[in-house]
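Visitor: The lines below spell out each chain.
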Amino acid sequence: MGKTLRYCFLLLGWIAFWPLTILSANVRIEAIFDPSSITLSNRTSYKIVIHGTQSNPQGAVPQVPGLVLSNNPRTFRSASFINGVPSIKAELSFDVSPQREGTFTIPAWQVSVDGKNYQVPPSTLQVLPPNQADIARQKAQQEQDRDLQEAAFLELTTERPFFFKGETRAAKLSLYLWERLPVTKIDQLPQKLGDGFSISELDQPEEKRNVSRGNKIYSVFTWNIGLTGALSGKHTLSFASTIRVRVKGSKNSPFGNPFFNDPFFGFGREQALEIQSRTYDFEVRDLPSQGRPADFQGAVGSFSASSSIDLDRVSLGDPVRLKFVIQGKGNFSAMPAPAFPESDRFRAGPPAFSFEGNQITKYQGSQSFEYVLTPLTAGLLEVPTMQFPYFDPEQEKYFTATTSAHPLRVDPGEKWAQPPSQASPEKSDLTRISTRDLFQTESEPGTWAPSPSIVHPLQSGLFWTLQAVGCLIFALVLFLKVRKKDPRRDALLRKERVLQGKLSSAVKLKDGSSFYQNLRKILRLRIGLVCGHDHPAALSTHELIGLLQKNHFSGEVCSETENLLRQCDDEEYAASSGSAQALQVHYQQTTALLKKMKRR
Amino acid sequence: MTFRLIKFLLGIAVVAFPLLGNEGHRLFYEAVRAEANGELRNAVDLYLEASAFGHSANLHGNLANLYFKLEKYGHSILHYRKALLLRPDDREFAANLAFAQEIAGVANPATSSTDPAFSTSHTWAWALTLSLFIWGGLTLFCILLPHRLSKSSAWSFLTLWIGLIAFLSWATQQSSLQSHLLTREVIVIHPQTVLPNPGSPVPLRRFAGDGSSANTEVKPGECLFLDLNDQGTPKSHPNAEGMVWYLLRSQDGKKKGWLKEDEFSPILGQLD
Numbered sequence: 001m002g003k004t005l006r007y008c009f010l011l012l013g014w015i016a017f018w019p020l021t022i023l024s025a026n027v028r029i030e031a032i033f034d035p036s037s038i039t040l041s042n043r044t045s046y047k048i049v050i051h052g053t054q055s056n057p058q059g060a061v062p063q064v065p066g067l068v069l070s071n072n073p074r075t076f077r078s079a080s081f082i083n084g085v086p087s088i089k090a091e092l093s094f095d096v097s098p099q100r101e102g103t104f105t106i107p108a109w110q111v112s113v114d115g116k117n118y119q120v121p122p123s124t125l126q127v128l129p130p131n132q133a134d135i136a137r138q139k140a141q142q143e144q145d146r147d148l149q150e151a152a153f154l155e156l157t158t159e160r161p162f163f164f165k166g167e168t169r170a171a172k173l174s175l176y177l178w179e180r181l182p183v184t185k186i187d188q189l190p191q192k193l194g195d196g197f198s199i200s201e202l203d204q205p206e207e208k209r210n211v212s213r214g215n216k217i218y219s220v221f222t223w224n225i226g227l228t229g230a231l232s233g234k235h236t237l238s239f240a241s242t243i244r245v246r247v248k249g250s251k252n253s254p255f256g257n258p259f260f261n262d263p264f265f266g267f268g269r270e271q272a273l274e275i276q277s278r279t280y281d282f283e284v285r286d287l288p289s290q291g292r293p294a295d296f297q298g299a300v301g302s303f304s305a306s307s308s309i310d311l312d313r314v315s316l317g318d319p320v321r322l323k324f325v326i327q328g329k330g331n332f333s334a335m336p337a338p339a340f341p342e343s344d345r346f347r348a349g350p351p352a353f354s355f356e357g358n359q360i361t362k363y364q365g366s367q368s369f370e371y372v373l374t375p376l377t378a379g380l381l382e383v384p385t386m387q388f389p390y391f392d393p394e395q396e397k398y399f400t401a402t403t404s405a406h407p408l409r410v411d412p413g414e415k416w417a418q419p420p421s422q423a424s425p426e427k428s429d430l431t432r433i434s435t436r437d438l439f440q441t442e443s444e445p446g447t448w449a450p451s452p453s454i455v456h457p458l459q460s461g462l463f464w465t466l467q468a469v470g471c472l473i474f475a476l477v478l479f480l481k482v483r484k485k486d487p488r489r490d491a492l493l494r495k496e497r498v499l500q501g502k503l504s505s506a507v508k509l510k511d512g513s514s515f516y517q518n519l520r521k522i523l524r525l526r527i528g529l530v531c532g533h534d535h536p537a538a539l540s541t542h543e544l545i546g547l548l549q550k551n552h553f554s555g556e557v558c559s560e561t562e563n564l565l566r567q568c569d570d571e572e573y574a575a576s577s578g579s580a581q582a583l584q585v586h587y588q589q590t591t592a593l594l595k596k597m598k599r600r
Numbered sequence: 001m002t003f004r005l006i007k008f009l010l011g012i013a014v015v016a017f018p019l020l021g022n023e024g025h026r027l028f029y030e031a032v033r034a035e036a037n038g039e040l041r042n043a044v045d046l047y048l049e050a051s052a053f054g055h056s057a058n059l060h061g062n063l064a065n066l067y068f069k070l071e072k073y074g075h076s077i078l079h080y081r082k083a084l085l086l087r088p089d090d091r092e093f094a095a096n097l098a099f100a101q102e103i104a105g106v107a108n109p110a111t112s113s114t115d116p117a118f119s120t121s122h123t124w125a126w127a128l129t130l131s132l133f134i135w136g137g138l139t140l141f142c143i144l145l146p147h148r149l150s151k152s153s154a155w156s157f158l159t160l161w162i163g164l165i166a167f168l169s170w171a172t173q174q175s176s177l178q179s180h181l182l183t184r185e186v187i188v189i190h191p192q193t194v195l196p197n198p199g200s201p202v203p204l205r206r207f208a209g210d211g212s213s214a215n216t217e218v219k220p221g222e223c224l225f226l227d228l229n230d231q232g233t234p235k236s237h238p239n240a241e242g243m244v245w246y247l248l249r250s251q252d253g254k255k256k257g258w259l260k261e262d263e264f265s266p267i268l269g270q271l272d
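From first to last, the protein sequence lines stand for chains A and B. Letter 551 of the first sequence, counting from 1, is numbered 551 in the numbering used here, and no numbers are missing. Letter 75 of the second sequence, counting from 1, is numbered 75 in the numbering used here, and no numbers are missing.
Just so you know, the hints here were simulated from the structure itself, not pulled from any lab data. There's no promise every hint is true.
To be verified - Residues from chain A that face chain B, not an exhaustive set, calculated with beta carbons under 10 Å:
| no. | residue |
| --- | --- |
| 1 | Asn56 |
| 2 | Pro73 |
| 3 | Glu201 |
| 4 | Ala334 |
| 5 | Gly349 |
| 6 | Pro350 |
| 7 | Pro351 |
| 8 | Pro452 |
| 9 | Leu466 |
Stated by the list, open to error - Straight-line alpha carbon distances no greater than 25 Å define the calculated DMTMM-like cross-link-like pairs of lysine to aspartate or glutamate that follow:
| no. | chain 1 | residue 1 | chain 2 | residue 2 |
| --- | --- | --- | --- | --- |
| 10 | B | Lys256 | A | Glu274 |
| 11 | B | Lys254 | A | Glu207 |
| 12 | A | Lys323 | B | Glu92 |
| 13 | A | Lys521 | A | Glu560 |
| 14 | A | Lys323 | A | Asp411 |
| 15 | B | Lys255 | A | Glu206 |
| 16 | A | Lys89 | A | Asp114 |
| 17 | B | Lys151 | A | Asp490 |
| 18 | A | Lys185 | B | Asp227 |
| 19 | B | Lys256 | A | Asp203 |
| 20 | A | Lys47 | A | Asp114 |
| 21 | A | Lys192 | B | Glu102 |
| 22 | A | Lys216 | A | Glu150 |
| 23 | A | Lys116 | B | Glu39 |
| 24 | A | Lys185 | B | Glu217 |
Where a beta carbon is used, it is the ideal one built from N, C-alpha and C, also for glycine.
Excised from the complex, chain B in its bound form (with noise of 0.2 Å):
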């Protein structure tokens, strides 16, 4: 009786395992179904729960195309970001961003302007060469230094070893900080209520309320950087509603203001 138990429950975990592996494949196809058949908003949908399994450049690529068609410019803005996230040298993702921010409007992201070599992307690899660079440094000078190295030689060695090891510094904390920017990164988005226009701006507000005037607008898809406070945690407060509103933004700190949580999303999709 009991190795029939045994038997039974190993079979579902059998069948039932690569199962939860392939949901997300499972709606990703649906959705290009959906999306084949004209039904745009379903295949947005589809996509939204095949996310909850997992991302991939693909879903985000195919997200924003939706929303594009959709005219909902700062959603597709954001999937092409989170695209590029995910695959940071796809020219197609990259021409279809610059061409959705034309569209609606929308300079292009401070973060774009800066060196490709000091991207993101790049952060672990100017670490892992400076730390290369100064274990193995150390170890070659301790190997060469009492017998096989002159005096000049050696002096040389140290003075390029310094310089090597100044730069790849410089280079990583450059790369550093462009991480650390990208996860206060967010873009404005329309938030999923009521409005005259959805392609009408975003009003940043003076004070976190409703009833309060806008110091300026932000039109949906532009990129927008939340405050932090002395925790280093995002500048927020929660309304009585239970809304809570974030202290935003942009890079050149020209225009500053309130945003609700629903009218922007992180690229990172995170709010610490």
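The shape of chain A in the complex, shown without the other chains (with noise of 0.2 Å):
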């Protein structure tokens, strides 16, 4: 029952939302302003609303001169009915701020939906002068802004009032943050407000405590910049930052310097807190064109040039590293590599660059350009000098620092040989790589791989099965190590060896005694190896049978090893010297009665 009602419910939902489907083919699109009236103070949001669908939309929003829209809107999607008709739609929502007073209109433009394209109607929106509200608003904001100012103000100091274009100087850009200024954080660092400079990342600033200025004691921030004059002119530059402070949370007290207020800066909200420097005049004036050399590439500065090759003999085809440093004050950041001159004794590929100095301001220190050189023909030839043309900004002048040439004798390759008809394609290979040649697109897609990630070795299989393999290696060594390391019976074993030789050469000698004595005492030797009994050499023939016996040796060993004692010592004590055959047979049996309790 249960499952059949649950059924019923999912036909009707469906039934009642089907409609929704088929409206996304009725796509119809509205723009207002909401509301489309307002006073130049205030702001208004640029609305467009597509009925028939949730999907996102794509395109661009025209530009209005004197309208700033928001950089992203807020969506709102919806699905209802109304008088029983299903509904969708999709809402953006754009904050629009003027900048003057008139009237301003949007123009009907094209958006995409589901891939295909609609108009978006024009829209009108008129601005009117601001009313006296909003004039005592902009009032009070004023005086507000000028007790800030000197609670918290930004500073820029430079050498001088004018930049040549491209050129870059090293400025100080001060914070100054008045000591009973609550001051939290610095939520945004310092940004630049103008075009005609571009400026450089800022680093870590250097910290003042305790520095007077007027009747105030401040706390000053200072970061090194490097400044560019980038757009020839007259501009205006200045700087923006973002404190964090904290203040009196009294409702009553708007923010109408709400931390004057309490002299003890102690509890309360926190509140950010813009600080704008005053507006600097600077004039960008355009490079000289008089005296401007053919190969002048942008350098501006006081700069040295030197060049060095890694090698000064080589053989055809190797290559060989030029490097190119260039030393001074300017404009590091904007440096183009000089191009290696054309030569049919050369080819240079495109460089690799380095800078040794300040990498924030970029202004001060050293840029090296490291080329590599192939050699095309053999012979002494000479890496030609490079030139490095650049403007000096405190003489007015163009200079060009020049390096010296390096001889290279470059061996022939025992292969090599440079056929006629090649020599073109060589050529148009040459001008092929080029650093200026960025955007080339290649035609075959090279070495395939599964993704762009990256496999880090603990999470490999193979490394750990290498280190497996390791341990292994390791553990065997240390097993061989442990199992041969037994002293006493290395050193049994030794004296074994010793007594061996002594019998063999007594055999070869004939020297009966000799060999009876090393006989006597290797047997008690083996038998006490074999038998684990630590000083067989105290004890007699008979105890050594008995050993034996109790070690459960054959009786066929036990009466050869009693024999051959027994031999030992009538030799000892008859003091006869046995015959050269005797010496034989008692060796070789000795030797097989050795093998056999070894074996055991």
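Join the two chains, each given in its own frame, into one complex according to the hints.
Guide: Written out as structure tokens, the structure is:
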């Protein structure tokens, strides 16, 4: 029963909502300003309502001079029934700030929804002059800004009030914070306002405390920056930053300097405070055209150049590294690599860059360009001089830094031969490889990889397999070493080897006395080893045989051992020297007997 | 009958498998042709389609070039980084990346300022050298110590070995940290939606919502790092519309805020 009811509900639900899917075919677009009439100091919303779809639209809102639209719209999607009629829509809402009075119209524009283009209708906004309330608010704001300006401000220090276009100069940007201002943190680092200049990235600031200015004591944060003139003409430049201060949390005191009313600045809420520097006027002058070298590439500063090669003798086809170094002060961040002179004796690849000095300002230091040269012909060659033209802003003249040529001996390769027909393709290859040829399309895909991801060694089976192999080798060596390390046994075995040597030489020399003495010793030693007796030298023949029997040696071994030991006793006490044949026979018997004992 | 069926199936397999393997190649060549004909957007789509079958440095390099021509600098920088990941020593890609970053007004990412010796591409080399020195040193010590080394030589050997192991462990750790950082690194891109100016900065919001005010802004092409939670996964928040927001920050920690999933792309191409 319950299952049937569930199916009924599902069916009803589908019947109720299926028209929504059909609706997506009928797309209708509206565009309005809400409200459509505002005063200059207020904001409004530009809304685009797309009926009949909830898909993400694509397109670009036309820009209208005098209106500033927010970068990211707010998005709303809704589905509803109005008088039993289903309806779906998507709505995009941009914040709009007017910059001047007047009537503004955003013209009709195209938007793409689900791959189809639709037209967004034009919409109009009327911006009225500010009313009395706006003017009063502006005045209050100006007064507050004046007060705050003394509590926290930014100051730019430069050497001179004009730049040459492309010139980089070191400057200091200082943030002054009144010591009584309850600053909790610098929320946003100073940002540049003005288009005529570019600045380097801001590094960690230098901090100075108890700096007196006027009647106030400040903490000063100073950043060393590189300031570069980008556009010629007269420009204004200012900086803005945001700090976070703790303010009195009174609702009766709107942000009318709330912390000045609180003598302790202790408790309350945090609030962001925007700081702006005064506006500085700078002139960016064009570089003079008179005396400009033809190969000038925009380097402005005071420089010296040097070069070196890593080898002075190579074989044909081997690469040589040419290092070209520029030192001094100037616009290193915008410095292009000087072109290697065209030559039919060398082919040069694109250079590698490296800068030594302050990486943030890139104003003072040395810039290296490393070219990989390939000699194209054998003989005593000369790596040509390189020229680096630059404009010196202090002397206001162009100069050219020149390096010296480097002799290079190129030995002919064994298989190398320059076919005359290939001369022209070689040259075309030379022109193809260029530092400026940045966007060349590769016509072959190259090596494929499943993904650009990286496999960490600890997550790789291969790595752990290699560890296991290493560990296994170490364990094996350790095991062999431990097994071998038994000093008593090693000493006895060494002694046995020495005795065997003596026995053998006694047979050769037919020295019966020495032979039987050593024979007895070696038998005792062996019996001690195989029976685990520590002092076999102290045992008599009878005790030795008893020891063998105790350790379950065969009767044959026992009797042979007894015979040999008795023979030794007889020979020793009878002082007879055995014949050479007897010594040989006893030697062979002893060797066989020792082997039998060893096998046990 | 069965024999014929087996023959037929074998024939299909012989023809179909190479075709499947060459699909990426085919799409790549079609994209090159489309680009040559000036159909840049079509070429981009074809390259993206080819990347579903595999990745190559040239594919990402070409894609980055196309995005640059279309003035989508964020996407361009993203694909140059991918190309360099697949072929780290390619000077041309590195030069193009620097140029794209310069045009986009984006500073070089902080990861490039670390010593190249401890870069991600050297993690394996450091780890293998470390394990070689550990096991090799132990084995050599085991062989030499009992008889062939005097006490002073043994101490010198041990000190040198421990010093080398310490240095190699540190180097492996540094390289591993770079690898870990790379898994969290993303490039800011513009979403494929309505915007007044495609080159405008993307706001880093205070909260995970469209209506939230922004802490600060980032330019397309800037690199940020995903914040991780206690479980080691990115801090994220899905909203009612199914869009997921992620908390990101710059490497120096000065910029921090929430971005939608379509406003950035990880360099390694996956969000865990």
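Visitor: Mind checking the alpha carbons of Lys116 (chain A) and Glu39 (chain B) for me, to see if they're no more than 25 Å apart?
Guide: holds, 19 Å
Visitor: For the pair supplied as a hint, Lys185 (chain A) and Glu217 (chain B), is the alpha-carbon distance within the 25 Å limit?
Guide: holds, 18 Å
Visitor: Has the given pair, Lys323 (chain A) with Asp411 (chain A), been kept, meaning a C-alpha gap of at most 25 Å?
Guide: Since the Cα atoms of Lys323 (chain A) and Asp411 (chain A) sit roughly 22 Å apart, the hinted pair holds (cutoff 25 Å).
Visitor: Closer than 10 Å between Cβ atoms is the bar; does Pro73 (chain A) clear it against chain B? Give me holds or violated.
Guide: For Pro73 (chain A), the interface hint holds, since the closest Cβ of chain B sits about 6 Å away, which is under 10 Å.
Visitor: How about Gly349 (chain A): closest beta carbon in chain B under 10 Å, or not?
Guide: Since the shortest Cβ distance to chain B is 8 Å, the answer is holds.
Visitor: For the pair supplied as a hint, Lys192 (chain A) and Glu102 (chain B), confirm whether the alpha-carbon distance does not exceed 25 Å.
Guide: This hinted pair holds, its Cα atoms lying about 17 Å apart.
Visitor: If you take the shortest Cβ to Cβ gap from Glu201 (chain A) to chain B, is it below 10 Å?
Guide: This interface hint holds because 5 Å falls under the 10 Å limit.
Visitor: Take a quick look at whether Lys216 (chain A) and Glu150 (chain A) sit within 25 Å of each other, Cα to Cα.
Guide: holds, 9 Å
Visitor: Assess, step by step, whether the Cα of Lys185 (chain A) is no farther than 25 Å from the Cα of Asp227 (chain B), and give holds or violated.
Guide: holds, 21 Å
Visitor: Please work out if Lys151 (chain B) and Asp490 (chain A) have their alpha carbons no farther apart than 25 Å.
Guide: holds, 23 Å
Visitor: Can we keep the Asn56 (chain A) interface hint, with Cβ of chain B closer than 10 Å?
Guide: Check passed: Cβ of Asn56 (chain A) comes within 5 Å of chain B, closer than 10 Å.
Visitor: For the hint on Leu466 (chain A), does the least C-beta distance to chain B fall short of 10 Å?
Guide: holds, 7 Å
When the structure is compared with the earlier hints, no violation turns up for any of them.
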